[in-house]
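Make the full structure from the sequences, and use the hints.
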Amino acid sequence: MSYTELLTNLRPDFSSDDMKSVQGYYVFYQKYQEQVSENLRRILLQHPIFEPILKQQDLETQLKEEQLSNDLQKAAIMKGEWEPYTRHLMMQGAAYGQMGLEFNDWYSVVKLFRECLQPYLINDYGKNIQQLLLILNGLDKFLDYTMSSIAAAYMRAKNNRVLEEKAKTQAALEELQSIQERFRLAIEGSSAGIWDWDIRTNEVFYAPRFKAQLDYEEHEFVNQFDSFANALHPRDKKYVFEKINATLENDDPYDVIYRLKTKKRGYRWFLARGKVLRDEEGKAYRMAGSIADITNAKKAEEEVKKLNASLEQKVKQRTTDLQQTNEELESFSYTVSHDLRAPLRAIDGFSKVLVSKLDGKLEPDQLHYLEVIIENVGKMGNLIDDLLAFSRMSRREKREVTFDTNQLVSEVFNDLMQIETGGKTALKLDKHLPPMFADRDMMKHVFANLLGNAIKFSGTREEPLIEVGYLSDQEDLVYFVKDNGVGFDMTYAKKLFGIFQRLHSEDEFEGTGVGLAIVQRIIHRHGGKVWAQSEEGKGAIFYFSLKKNEKQNDKG
1 MSYTELLTNL
11 RPDFSSDDMK
21 SVQGYYVFYQ
31 KYQEQVSENL
41 RRILLQHPIF
51 EPILKQQDLE
61 TQLKEEQLSN
71 DLQKAAIMKG
81 EWEPYTRHLM
91 MQGAAYGQMG
101 LEFNDWYSVV
111 KLFRECLQPY
121 LINDYGKNIQ
131 QLLLILNGLD
141 KFLDYTMSSI
151 AAAYMRAKNN
161 RVLEEKAKTQ
171 AALEELQSIQ
181 ERFRLAIEGS
191 SAGIWDWDIR
201 TNEVFYAPRF
211 KAQLDYEEHE
221 FVNQFDSFAN
231 ALHPRDKKYV
241 FEKINATLEN
251 DDPYDVIYRL
261 KTKKRGYRWF
271 LARGKVLRDE
281 EGKAYRMAGS
291 IADITNAKKA
301 EEEVKKLNAS
311 LEQKVKQRTT
321 DLQQTNEELE
331 SFSYTVSHDL
341 RAPLRAIDGF
351 SKVLVSKLDG
361 KLEPDQLHYL
371 EVIIENVGKM
381 GNLIDDLLAF
391 SRMSRREKRE
401 VTFDTNQLVS
411 EVFNDLMQIE
421 TGGKTALKLD
431 KHLPPMFADR
441 DMMKHVFANL
451 LGNAIKFSGT
461 REEPLIEVGY
471 LSDQEDLVYF
481 VKDNGVGFDM
491 TYAKKLFGIF
501 QRLHSEDEFE
511 GTGVGLAIVQ
521 RIIHRHGGKV
531 WAQSEEGKGA
541 IFYFSLKKNE
551 KQNDKG
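In the numbering used here, the protein residues as written are 1 to 556.
Just so you know, the hints here were simulated from the structure itself, not pulled from any lab data.
A couple of the hints might just be wrong.
[Unchecked claim] The list that follows gives simulated cross-link-like pairs (lysine-lysine, DSSO-like), each with its CA atoms no further than 30 Å apart:
| id | residue 1 | residue 2 |
| --- | --- | --- |
| 1 | K283 | K298 |
| 2 | K243 | K305 |
| 3 | K275 | K238 |
| 4 | K547 | K428 |
| 5 | K306 | K316 |
| 6 | K398 | K548 |
| 7 | K264 | K298 |
| 8 | K275 | K237 |
Structural data, given as C-alpha coordinates:
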(Lines of atoms letter the chains of each structure in order from A and count residues from 1; the text may use other names and numbers.)
(Lines give C-alpha, C1' and ligand atoms only; values in the text may rest on other atoms or scores of the structure.)
Protein backbone atom coordinates (compact mmCIF):
# COMPACT_ATOMS: atom_id res chain seq x y z
CA MET A 1 0.00 0.00 0.00
CA SER A 2 1.31 3.43 -0.93
CA TYR A 3 1.81 6.22 1.60
CA THR A 4 -1.09 8.23 0.09
CA GLU A 5 -3.45 5.25 0.25
CA LEU A 6 -2.42 4.59 3.84
CA LEU A 7 -3.04 8.23 4.77
CA THR A 8 -6.54 8.05 3.25
CA ASN A 9 -7.43 4.80 5.04
CA LEU A 10 -6.32 6.19 8.41
CA ARG A 11 -8.74 9.16 8.25
CA PRO A 12 -11.21 8.61 11.16
CA ASP A 13 -14.83 7.79 10.28
CA PHE A 14 -16.61 9.11 13.40
CA SER A 15 -20.40 9.18 13.71
CA SER A 16 -21.97 12.46 14.78
CA ASP A 17 -22.33 11.17 18.36
CA ASP A 18 -18.72 9.96 18.38
CA MET A 19 -17.56 13.32 17.05
CA LYS A 20 -19.40 15.09 19.89
CA SER A 21 -17.70 12.77 22.38
CA VAL A 22 -14.26 13.42 20.87
CA GLN A 23 -14.84 17.18 20.90
CA GLY A 24 -16.05 16.97 24.51
CA TYR A 25 -12.89 15.10 25.45
CA TYR A 26 -10.75 17.70 23.66
CA VAL A 27 -12.38 20.63 25.50
CA PHE A 28 -11.88 18.85 28.82
CA TYR A 29 -8.23 17.93 28.01
CA GLN A 30 -7.33 21.49 27.01
CA LYS A 31 -8.45 22.58 30.47
CA TYR A 32 -5.80 20.39 32.16
CA GLN A 33 -3.30 19.90 29.31
CA GLU A 34 -0.35 21.60 31.01
CA GLN A 35 -0.74 19.70 34.30
CA VAL A 36 -1.26 16.33 32.57
CA SER A 37 1.73 16.86 30.25
CA GLU A 38 4.01 17.88 33.14
CA ASN A 39 3.00 14.86 35.24
CA LEU A 40 3.45 12.49 32.30
CA ARG A 41 6.90 13.95 31.46
CA ARG A 42 8.03 13.53 35.09
CA ILE A 43 6.96 9.87 35.10
CA LEU A 44 8.58 9.10 31.71
CA LEU A 45 11.90 10.57 32.91
CA GLN A 46 12.01 7.59 35.28
CA HIS A 47 11.13 5.09 32.52
CA PRO A 48 14.12 2.95 31.31
CA ILE A 49 13.09 3.22 27.64
CA PHE A 50 11.88 6.82 27.32
CA GLU A 51 14.21 8.52 29.80
CA PRO A 52 17.25 8.59 27.40
CA ILE A 53 15.00 9.69 24.50
CA LEU A 54 13.62 12.66 26.43
CA LYS A 55 17.05 13.67 27.67
CA GLN A 56 18.35 13.89 24.10
CA GLN A 57 16.14 16.97 23.57
CA ASP A 58 16.10 20.11 25.67
CA LEU A 59 12.84 21.13 27.35
CA GLU A 60 12.28 24.05 25.00
CA THR A 61 12.33 21.77 21.95
CA GLN A 62 9.95 19.31 23.64
CA LEU A 63 7.49 22.11 24.46
CA LYS A 64 7.61 23.40 20.87
CA GLU A 65 6.82 19.93 19.48
CA GLU A 66 4.03 19.53 22.03
CA GLN A 67 2.52 22.88 21.00
CA LEU A 68 2.70 21.86 17.33
CA SER A 69 0.90 18.60 18.13
CA ASN A 70 -1.82 20.48 20.06
CA ASP A 71 -2.35 22.93 17.21
CA LEU A 72 -2.71 20.11 14.66
CA GLN A 73 -4.98 18.19 17.05
CA LYS A 74 -7.24 21.22 17.50
CA ALA A 75 -7.51 21.76 13.71
CA ALA A 76 -8.40 18.11 13.23
CA ILE A 77 -11.05 17.83 15.96
CA MET A 78 -12.62 21.25 15.81
CA LYS A 79 -12.29 21.95 12.06
CA GLY A 80 -12.13 18.46 10.52
CA GLU A 81 -8.61 18.97 9.10
CA TRP A 82 -7.43 15.43 9.82
CA GLU A 83 -4.71 14.91 7.19
CA PRO A 84 -1.97 17.18 8.74
CA TYR A 85 -2.48 15.63 12.18
CA THR A 86 -2.49 12.10 10.71
CA ARG A 87 0.80 12.87 8.93
CA HIS A 88 2.21 14.11 12.25
CA LEU A 89 1.19 10.88 14.00
CA MET A 90 2.65 8.75 11.21
CA MET A 91 5.96 10.61 11.47
CA GLN A 92 6.06 9.70 15.16
CA GLY A 93 5.34 6.06 14.39
CA ALA A 94 8.01 5.93 11.67
CA ALA A 95 10.55 7.48 14.06
CA TYR A 96 9.82 4.80 16.69
CA GLY A 97 10.22 2.09 14.08
CA GLN A 98 13.52 3.45 12.80
CA MET A 99 14.84 3.75 16.36
CA GLY A 100 14.15 0.08 16.95
CA LEU A 101 11.68 0.65 19.81
CA GLU A 102 9.05 -1.96 20.59
CA PHE A 103 5.48 -0.80 19.99
CA ASN A 104 4.36 -2.35 23.29
CA ASP A 105 6.39 0.37 25.02
CA TRP A 106 4.10 2.96 23.46
CA TYR A 107 1.04 1.24 24.99
CA SER A 108 2.61 1.80 28.39
CA VAL A 109 2.70 5.54 27.58
CA VAL A 110 -1.03 5.45 26.73
CA LYS A 111 -1.73 3.71 30.03
CA LEU A 112 0.27 6.34 31.94
CA PHE A 113 -1.59 9.11 30.06
CA ARG A 114 -4.94 7.69 31.20
CA GLU A 115 -3.69 7.47 34.79
CA CYS A 116 -2.54 11.11 34.70
CA LEU A 117 -5.94 12.18 33.29
CA GLN A 118 -8.05 10.18 35.77
CA PRO A 119 -7.93 12.52 38.84
CA TYR A 120 -9.15 15.46 36.77
CA LEU A 121 -12.03 13.41 35.26
CA ILE A 122 -13.23 12.37 38.70
CA ASN A 123 -12.87 15.92 39.98
CA ASP A 124 -15.00 17.41 37.18
CA TYR A 125 -17.49 14.61 36.42
CA GLY A 126 -17.50 12.36 39.46
CA LYS A 127 -21.17 13.23 40.14
CA ASN A 128 -22.23 13.42 36.46
CA ILE A 129 -21.91 9.85 35.22
CA GLN A 130 -23.53 10.55 31.85
CA GLN A 131 -21.05 13.33 31.03
CA LEU A 132 -18.16 11.24 32.37
CA LEU A 133 -19.09 8.37 30.03
CA LEU A 134 -19.29 10.81 27.11
CA ILE A 135 -15.77 12.13 27.82
CA LEU A 136 -14.37 8.60 28.27
CA ASN A 137 -15.96 7.49 24.98
CA GLY A 138 -14.37 10.47 23.21
CA LEU A 139 -11.01 9.64 24.81
CA ASP A 140 -11.23 6.01 23.66
CA LYS A 141 -12.26 6.92 20.11
CA PHE A 142 -9.50 9.52 19.80
CA LEU A 143 -6.81 7.19 21.24
CA ASP A 144 -7.92 4.38 18.90
CA TYR A 145 -7.45 6.74 15.97
CA THR A 146 -4.04 8.02 17.13
CA MET A 147 -2.71 4.57 17.97
CA SER A 148 -3.90 3.18 14.60
CA SER A 149 -2.04 5.95 12.75
CA ILE A 150 1.11 5.52 14.81
CA ALA A 151 0.99 1.72 14.54
CA ALA A 152 0.54 1.74 10.76
CA ALA A 153 3.56 3.98 10.23
CA TYR A 154 5.53 2.07 12.86
CA MET A 155 4.97 -1.28 11.13
CA ARG A 156 5.80 0.21 7.75
CA ALA A 157 9.10 1.64 9.09
CA LYS A 158 9.81 -1.56 11.03
CA ASN A 159 9.39 -3.68 7.91
CA ASN A 160 11.63 -1.35 5.91
CA ARG A 161 14.23 -1.51 8.67
CA VAL A 162 14.11 -5.29 8.69
CA LEU A 163 14.51 -5.35 4.92
CA GLU A 164 17.46 -2.93 5.13
CA GLU A 165 19.11 -4.98 7.87
CA LYS A 166 18.54 -8.13 5.85
CA ALA A 167 20.07 -6.49 2.77
CA LYS A 168 23.05 -5.27 4.82
CA THR A 169 23.50 -8.73 6.33
CA GLN A 170 23.37 -10.32 2.89
CA ALA A 171 25.89 -7.79 1.54
CA ALA A 172 28.14 -8.41 4.55
CA LEU A 173 27.96 -12.17 3.99
CA GLU A 174 28.82 -11.75 0.33
CA GLU A 175 31.73 -9.44 1.22
CA LEU A 176 32.92 -11.94 3.82
CA GLN A 177 32.79 -14.74 1.25
CA SER A 178 34.71 -12.54 -1.19
CA ILE A 179 37.35 -11.75 1.45
CA GLN A 180 37.66 -15.42 2.36
CA GLU A 181 38.09 -16.31 -1.30
CA ARG A 182 40.75 -13.60 -1.78
CA PHE A 183 42.49 -14.76 1.38
CA ARG A 184 42.45 -18.36 0.16
CA LEU A 185 43.88 -17.36 -3.23
CA ALA A 186 46.49 -15.16 -1.55
CA ILE A 187 47.61 -18.01 0.69
CA GLU A 188 47.75 -20.51 -2.17
CA GLY A 189 49.53 -18.08 -4.49
CA SER A 190 52.01 -16.72 -1.97
CA SER A 191 55.60 -17.96 -2.00
CA ALA A 192 55.73 -17.34 1.75
CA GLY A 193 54.36 -19.81 4.29
CA ILE A 194 51.43 -18.28 6.19
CA TRP A 195 50.81 -19.20 9.84
CA ASP A 196 48.08 -18.13 12.29
CA TRP A 197 48.49 -18.99 15.97
CA ASP A 198 45.52 -19.06 18.40
CA ILE A 199 47.39 -18.35 21.64
CA ARG A 200 44.49 -19.45 23.85
CA THR A 201 44.23 -22.95 22.36
CA ASN A 202 47.82 -23.25 21.09
CA GLU A 203 46.44 -24.33 17.72
CA VAL A 204 48.19 -22.99 14.64
CA PHE A 205 46.91 -22.79 11.09
CA TYR A 206 49.85 -23.69 8.86
CA ALA A 207 49.12 -22.88 5.22
CA PRO A 208 49.91 -25.59 2.64
CA ARG A 209 52.88 -23.53 1.44
CA PHE A 210 54.29 -23.44 5.01
CA LYS A 211 54.24 -27.22 5.21
CA ALA A 212 55.55 -27.63 1.65
CA GLN A 213 58.62 -25.54 2.50
CA LEU A 214 59.39 -28.14 5.16
CA ASP A 215 58.74 -31.02 2.69
CA TYR A 216 55.57 -32.14 4.52
CA GLU A 217 52.18 -33.10 3.13
CA GLU A 218 49.08 -31.42 4.59
CA HIS A 219 48.34 -34.25 7.05
CA GLU A 220 51.96 -34.81 8.12
CA PHE A 221 52.51 -31.54 9.98
CA VAL A 222 50.05 -31.22 12.89
CA ASN A 223 48.41 -27.81 13.38
CA GLN A 224 49.84 -27.29 16.86
CA PHE A 225 52.50 -24.89 18.18
CA ASP A 226 54.62 -27.89 19.28
CA SER A 227 55.09 -28.88 15.63
CA PHE A 228 56.95 -25.62 15.05
CA ALA A 229 58.83 -25.81 18.35
CA ASN A 230 60.05 -29.35 17.61
CA ALA A 231 61.27 -28.33 14.14
CA LEU A 232 63.39 -25.44 15.50
CA HIS A 233 67.16 -25.89 15.59
CA PRO A 234 68.24 -26.49 19.23
CA ARG A 235 70.63 -23.52 19.11
CA ASP A 236 67.87 -21.18 17.90
CA LYS A 237 65.11 -22.10 20.38
CA LYS A 238 66.12 -19.82 23.26
CA TYR A 239 66.52 -16.81 20.98
CA VAL A 240 63.25 -17.42 19.08
CA PHE A 241 61.15 -17.95 22.22
CA GLU A 242 62.63 -14.78 23.75
CA LYS A 243 61.61 -12.85 20.60
CA ILE A 244 58.08 -14.32 20.72
CA ASN A 245 57.67 -13.40 24.40
CA ALA A 246 58.99 -9.88 23.78
CA THR A 247 56.46 -9.46 20.97
CA LEU A 248 53.58 -10.77 23.07
CA GLU A 249 54.49 -8.69 26.14
CA ASN A 250 55.91 -5.47 24.71
CA ASP A 251 54.78 -5.40 21.07
CA ASP A 252 58.42 -5.63 19.95
CA PRO A 253 58.72 -6.22 16.18
CA TYR A 254 58.71 -9.92 15.33
CA ASP A 255 61.32 -10.16 12.59
CA VAL A 256 63.42 -13.28 13.16
CA ILE A 257 65.82 -15.53 11.27
CA TYR A 258 66.06 -19.14 12.41
CA ARG A 259 66.57 -22.71 11.21
CA LEU A 260 63.82 -25.30 10.81
CA LYS A 261 64.33 -29.00 10.23
CA THR A 262 62.78 -30.21 6.99
CA LYS A 263 61.64 -33.73 6.24
CA LYS A 264 64.16 -34.41 3.45
CA ARG A 265 66.80 -31.65 3.32
CA GLY A 266 67.95 -31.20 6.90
CA TYR A 267 67.92 -27.74 8.48
CA ARG A 268 67.20 -24.72 6.32
CA TRP A 269 67.21 -20.98 7.08
CA PHE A 270 63.92 -19.06 7.28
CA LEU A 271 62.94 -15.42 7.74
CA ALA A 272 59.81 -15.05 9.89
CA ARG A 273 57.67 -11.96 10.43
CA GLY A 274 54.49 -11.61 12.47
CA LYS A 275 51.93 -9.32 14.15
CA VAL A 276 49.95 -9.70 17.39
CA LEU A 277 46.21 -9.13 17.90
CA ARG A 278 44.99 -8.07 21.35
CA ASP A 279 41.60 -8.00 23.10
CA GLU A 280 40.02 -4.94 24.72
CA GLU A 281 42.13 -5.48 27.84
CA GLY A 282 45.33 -5.50 25.79
CA LYS A 283 45.93 -9.22 26.21
CA ALA A 284 47.40 -11.03 23.20
CA TYR A 285 45.05 -13.70 21.88
CA ARG A 286 46.34 -14.25 18.36
CA MET A 287 49.56 -13.94 16.38
CA ALA A 288 49.90 -14.36 12.63
CA GLY A 289 52.61 -13.99 10.03
CA SER A 290 54.71 -15.81 7.44
CA ILE A 291 58.01 -17.57 6.84
CA ALA A 292 60.22 -17.50 3.74
CA ASP A 293 63.07 -19.87 2.90
CA ILE A 294 66.26 -17.78 2.71
CA THR A 295 68.78 -20.63 2.72
CA ASN A 296 70.28 -19.72 -0.65
CA ALA A 297 70.56 -16.07 0.34
CA LYS A 298 72.16 -17.12 3.63
CA LYS A 299 74.74 -19.24 1.80
CA ALA A 300 75.49 -16.38 -0.57
CA GLU A 301 75.88 -14.08 2.43
CA GLU A 302 78.41 -16.46 3.99
CA GLU A 303 80.34 -16.62 0.72
CA VAL A 304 80.40 -12.83 0.53
CA LYS A 305 81.67 -12.67 4.12
CA LYS A 306 84.46 -15.11 3.30
CA LEU A 307 85.37 -13.19 0.15
CA ASN A 308 85.30 -9.89 2.03
CA ALA A 309 87.49 -11.32 4.78
CA SER A 310 89.93 -12.66 2.21
CA LEU A 311 89.87 -9.40 0.27
CA GLU A 312 90.31 -7.38 3.45
CA GLN A 313 93.33 -9.47 4.39
CA LYS A 314 94.83 -9.04 0.92
CA VAL A 315 94.20 -5.29 0.96
CA LYS A 316 95.70 -5.06 4.44
CA GLN A 317 98.78 -7.00 3.33
CA ARG A 318 99.16 -4.94 0.15
CA THR A 319 98.72 -1.73 2.12
CA THR A 320 101.40 -2.86 4.53
CA ASP A 321 103.70 -3.82 1.65
CA LEU A 322 103.03 -0.53 -0.12
CA GLN A 323 103.62 1.46 3.05
CA GLN A 324 106.88 -0.39 3.65
CA THR A 325 107.96 0.19 0.04
CA ASN A 326 107.09 3.89 0.26
CA GLU A 327 109.01 4.19 3.51
CA GLU A 328 112.01 2.46 1.93
CA LEU A 329 111.80 4.70 -1.14
CA GLU A 330 111.51 7.83 0.95
CA SER A 331 114.38 6.72 3.16
CA PHE A 332 116.40 5.95 0.05
CA SER A 333 115.63 9.28 -1.62
CA TYR A 334 116.32 11.19 1.58
CA THR A 335 119.62 9.37 2.14
CA VAL A 336 120.69 9.68 -1.48
CA SER A 337 119.81 13.36 -1.53
CA HIS A 338 121.90 14.02 1.55
CA ASP A 339 124.78 11.83 0.38
CA LEU A 340 124.84 13.53 -3.03
CA ARG A 341 125.12 17.02 -1.57
CA ALA A 342 128.73 16.58 -0.32
CA PRO A 343 130.30 15.54 -3.67
CA LEU A 344 128.18 18.14 -5.50
CA ARG A 345 129.42 20.89 -3.20
CA ALA A 346 132.98 19.68 -3.84
CA ILE A 347 132.51 19.68 -7.61
CA ASP A 348 130.89 23.10 -7.53
CA GLY A 349 133.54 24.54 -5.24
CA PHE A 350 136.57 23.18 -7.08
CA SER A 351 135.12 24.21 -10.44
CA LYS A 352 134.68 27.79 -9.25
CA VAL A 353 138.23 27.79 -7.76
CA LEU A 354 139.65 26.68 -11.10
CA VAL A 355 137.77 29.42 -12.93
CA SER A 356 138.99 31.99 -10.43
CA LYS A 357 142.67 30.91 -10.33
CA LEU A 358 143.00 30.27 -14.04
CA ASP A 359 141.24 33.44 -15.02
CA GLY A 360 142.64 34.53 -18.38
CA LYS A 361 144.75 31.41 -18.78
CA LEU A 362 142.01 29.07 -20.00
CA GLU A 363 141.16 28.42 -23.58
CA PRO A 364 137.59 29.42 -24.48
CA ASP A 365 136.46 25.81 -24.81
CA GLN A 366 138.05 24.94 -21.42
CA LEU A 367 136.21 27.82 -19.77
CA HIS A 368 132.99 26.67 -21.44
CA TYR A 369 133.41 23.15 -20.02
CA LEU A 370 133.84 24.49 -16.50
CA GLU A 371 130.80 26.74 -16.86
CA VAL A 372 128.72 23.75 -18.07
CA ILE A 373 129.90 21.76 -15.01
CA ILE A 374 128.93 24.59 -12.64
CA GLU A 375 125.53 25.02 -14.38
CA ASN A 376 124.68 21.31 -14.19
CA VAL A 377 125.84 21.11 -10.57
CA GLY A 378 123.32 23.90 -9.88
CA LYS A 379 120.58 21.95 -11.66
CA MET A 380 121.52 18.85 -9.71
CA GLY A 381 121.31 20.85 -6.49
CA ASN A 382 117.83 22.07 -7.43
CA LEU A 383 116.79 18.50 -8.19
CA ILE A 384 118.07 17.33 -4.81
CA ASP A 385 116.20 20.18 -3.10
CA ASP A 386 112.98 19.14 -4.86
CA LEU A 387 113.53 15.47 -3.95
CA LEU A 388 114.03 16.43 -0.32
CA ALA A 389 110.88 18.57 -0.42
CA PHE A 390 108.94 15.68 -2.01
CA SER A 391 110.18 13.30 0.69
CA ARG A 392 109.40 15.72 3.52
CA MET A 393 105.79 16.14 2.35
CA SER A 394 105.10 12.50 3.27
CA ARG A 395 106.90 12.55 6.61
CA ARG A 396 106.21 15.94 8.11
CA GLU A 397 103.33 16.37 10.54
CA LYS A 398 100.25 18.05 9.12
CA ARG A 399 99.09 21.08 11.16
CA GLU A 400 95.67 22.16 9.95
CA VAL A 401 94.40 25.66 10.70
CA THR A 402 91.94 28.05 9.10
CA PHE A 403 93.60 30.85 7.16
CA ASP A 404 92.93 33.56 4.57
CA THR A 405 93.42 32.06 1.09
CA ASN A 406 93.61 35.45 -0.65
CA GLN A 407 96.41 36.57 1.64
CA LEU A 408 98.41 33.38 0.99
CA VAL A 409 98.04 33.62 -2.82
CA SER A 410 99.09 37.29 -2.81
CA GLU A 411 102.08 36.50 -0.61
CA VAL A 412 103.30 33.66 -2.87
CA PHE A 413 102.74 35.62 -6.08
CA ASN A 414 104.65 38.66 -4.78
CA ASP A 415 107.58 36.43 -3.74
CA LEU A 416 107.69 34.84 -7.21
CA MET A 417 107.46 38.17 -9.01
CA GLN A 418 110.58 39.43 -7.21
CA ILE A 419 112.66 36.83 -9.03
CA GLU A 420 110.82 36.97 -12.38
CA THR A 421 112.77 38.70 -15.10
CA GLY A 422 110.71 41.46 -16.60
CA GLY A 423 107.96 41.33 -13.97
CA LYS A 424 105.21 41.67 -16.59
CA THR A 425 102.85 38.84 -15.43
CA ALA A 426 99.46 40.09 -14.21
CA LEU A 427 97.38 38.35 -11.50
CA LYS A 428 93.59 38.32 -11.54
CA LEU A 429 92.64 37.18 -8.03
CA ASP A 430 89.08 36.48 -6.90
CA LYS A 431 88.72 38.68 -3.80
CA HIS A 432 86.29 36.26 -2.16
CA LEU A 433 88.20 32.98 -2.14
CA PRO A 434 86.85 30.72 0.65
CA PRO A 435 89.23 30.41 3.62
CA MET A 436 91.15 27.13 3.78
CA PHE A 437 91.30 24.65 6.64
CA ALA A 438 94.65 23.00 5.92
CA ASP A 439 98.38 23.04 6.66
CA ARG A 440 99.34 26.57 5.63
CA ASP A 441 103.00 25.78 4.87
CA MET A 442 102.02 22.84 2.67
CA MET A 443 99.43 24.91 0.80
CA LYS A 444 102.11 27.56 0.29
CA HIS A 445 104.11 24.87 -1.56
CA VAL A 446 101.02 24.07 -3.66
CA PHE A 447 100.49 27.67 -4.78
CA ALA A 448 104.23 28.22 -5.21
CA ASN A 449 104.42 25.33 -7.68
CA LEU A 450 101.16 26.11 -9.51
CA LEU A 451 101.79 29.86 -9.75
CA GLY A 452 105.48 29.27 -10.61
CA ASN A 453 104.50 26.97 -13.48
CA ALA A 454 101.87 29.46 -14.67
CA ILE A 455 104.43 32.29 -14.71
CA LYS A 456 106.99 30.09 -16.45
CA PHE A 457 104.72 28.70 -19.18
CA SER A 458 102.98 32.01 -19.93
CA GLY A 459 106.24 33.98 -19.98
CA THR A 460 106.39 33.81 -23.78
CA ARG A 461 103.12 35.78 -24.11
CA GLU A 462 103.10 39.52 -24.67
CA GLU A 463 100.59 39.96 -21.82
CA PRO A 464 100.89 36.96 -19.51
CA LEU A 465 97.84 36.62 -17.24
CA ILE A 466 97.21 34.31 -14.29
CA GLU A 467 93.76 33.90 -12.75
CA VAL A 468 93.12 32.34 -9.31
CA GLY A 469 89.52 31.52 -8.34
CA TYR A 470 87.16 28.83 -7.08
CA LEU A 471 84.05 26.91 -8.13
CA SER A 472 81.14 27.81 -5.87
CA ASP A 473 78.71 25.06 -6.89
CA GLN A 474 80.84 22.13 -5.78
CA GLU A 475 80.29 19.77 -2.84
CA ASP A 476 83.96 20.25 -1.91
CA LEU A 477 85.97 23.46 -2.07
CA VAL A 478 87.52 23.57 -5.55
CA TYR A 479 90.25 26.13 -6.28
CA PHE A 480 91.91 26.72 -9.64
CA VAL A 481 94.98 28.43 -11.14
CA LYS A 482 94.55 29.44 -14.79
CA ASP A 483 97.12 30.82 -17.22
CA ASN A 484 97.23 31.90 -20.87
CA GLY A 485 100.50 30.08 -21.56
CA VAL A 486 101.57 27.41 -24.02
CA GLY A 487 99.26 24.71 -22.64
CA PHE A 488 99.73 20.98 -23.27
CA ASP A 489 98.22 18.02 -25.08
CA MET A 490 95.56 16.34 -22.86
CA THR A 491 96.75 12.97 -24.17
CA TYR A 492 99.60 13.25 -21.67
CA ALA A 493 97.52 14.62 -18.78
CA LYS A 494 97.96 11.43 -16.70
CA LYS A 495 101.73 11.92 -16.69
CA LEU A 496 101.53 15.45 -15.29
CA PHE A 497 101.68 14.55 -11.61
CA GLY A 498 104.29 11.78 -11.80
CA ILE A 499 107.73 12.51 -10.39
CA PHE A 500 110.33 13.59 -12.99
CA GLN A 501 107.59 13.83 -15.64
CA ARG A 502 107.96 16.71 -18.12
CA LEU A 503 105.78 17.60 -21.13
CA HIS A 504 108.26 20.18 -22.46
CA SER A 505 111.99 19.90 -23.04
CA GLU A 506 114.45 21.52 -20.63
CA ASP A 507 115.69 23.70 -23.46
CA GLU A 508 112.21 25.23 -23.75
CA PHE A 509 111.40 25.53 -20.05
CA GLU A 510 113.69 24.77 -17.15
CA GLY A 511 112.57 22.61 -14.22
CA THR A 512 113.06 19.29 -12.44
CA GLY A 513 109.66 17.64 -13.04
CA VAL A 514 109.02 17.26 -9.30
CA GLY A 515 106.80 20.28 -8.55
CA LEU A 516 103.43 18.84 -9.63
CA ALA A 517 104.23 15.54 -7.86
CA ILE A 518 104.67 17.57 -4.66
CA VAL A 519 101.32 19.32 -5.31
CA GLN A 520 99.54 16.00 -5.74
CA ARG A 521 101.08 14.51 -2.59
CA ILE A 522 100.05 17.51 -0.48
CA ILE A 523 96.48 17.55 -1.82
CA HIS A 524 96.12 13.79 -1.32
CA ARG A 525 97.30 14.15 2.27
CA HIS A 526 94.44 16.61 2.76
CA GLY A 527 91.89 14.16 1.32
CA GLY A 528 91.44 16.06 -1.93
CA LYS A 529 92.07 15.61 -5.65
CA VAL A 530 94.10 17.48 -8.26
CA TRP A 531 93.56 17.56 -12.02
CA ALA A 532 94.13 19.75 -15.06
CA GLN A 533 92.54 20.86 -18.34
CA SER A 534 94.36 22.37 -21.28
CA GLU A 535 94.68 22.81 -25.01
CA GLU A 536 97.97 23.35 -26.76
CA GLY A 537 98.62 27.03 -27.32
CA LYS A 538 95.61 28.12 -25.25
CA GLY A 539 96.82 27.94 -21.68
CA ALA A 540 96.04 25.53 -18.85
CA ILE A 541 93.83 25.31 -15.76
CA PHE A 542 94.93 23.35 -12.69
CA TYR A 543 92.24 22.43 -10.16
CA PHE A 544 92.50 21.01 -6.66
CA SER A 545 89.77 20.17 -4.14
CA LEU A 546 89.68 20.26 -0.34
CA LYS A 547 87.03 18.91 2.01
CA LYS A 548 84.85 21.54 3.65
CA ASN A 549 85.10 21.78 7.43
CA GLU A 550 81.97 21.74 9.65
CA LYS A 551 81.39 25.50 9.55
CA GLN A 552 81.69 25.60 5.77
CA ASN A 553 79.27 22.65 5.47
CA ASP A 554 76.73 24.50 7.63
CA LYS A 555 76.89 27.44 5.23
CA GLY A 556 76.41 25.09 2.25
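Exercise for the section: Would you mind confirming whether the straight-line C-alpha gap from K275 to K237 stays at or under 30 Å? Expected result: holds (19 Å)
Handout entry: Pair hint K264 and K298, alpha-carbon separation not exceeding 30 Å
Key = Satisfied, since the Cα-Cα distance of roughly 19 Å is no more than 30 Å.
Practice task
Compare the distance between the alpha carbons of K398 and K548 with 30 Å, and conclude whether the hinted pair is satisfied.
Solution key: holds (17 Å)
Problem - Straight-line alpha-carbon gap K547 to K428, limit 30 Å - result: holds (25 Å)
Exercise for the section: Mind checking the alpha carbons of K306 and K316 for me, to see if they're no more than 30 Å apart? Expected result: With a Cα-Cα distance of about 15 Å, the restraint between K306 and K316 holds, given a limit of 30 Å.
Practice task
Mind checking the alpha carbons of K283 and K298 for me, to see if they're no more than 30 Å apart?
Solution key: violated (36 Å)
Practice task
Starting from K243, check that the Cα of K305 is at most 30 Å away, please.
Solution key: Roughly 26 Å separates the two Cα atoms, so the pair holds.
Problem - Distance restraint between K275 and K238, which requires alpha-carbon spacing of 30 Å or less - result: holds (20 Å)
Checked against the numbered hints given earlier, this structure breaks only hint 1.
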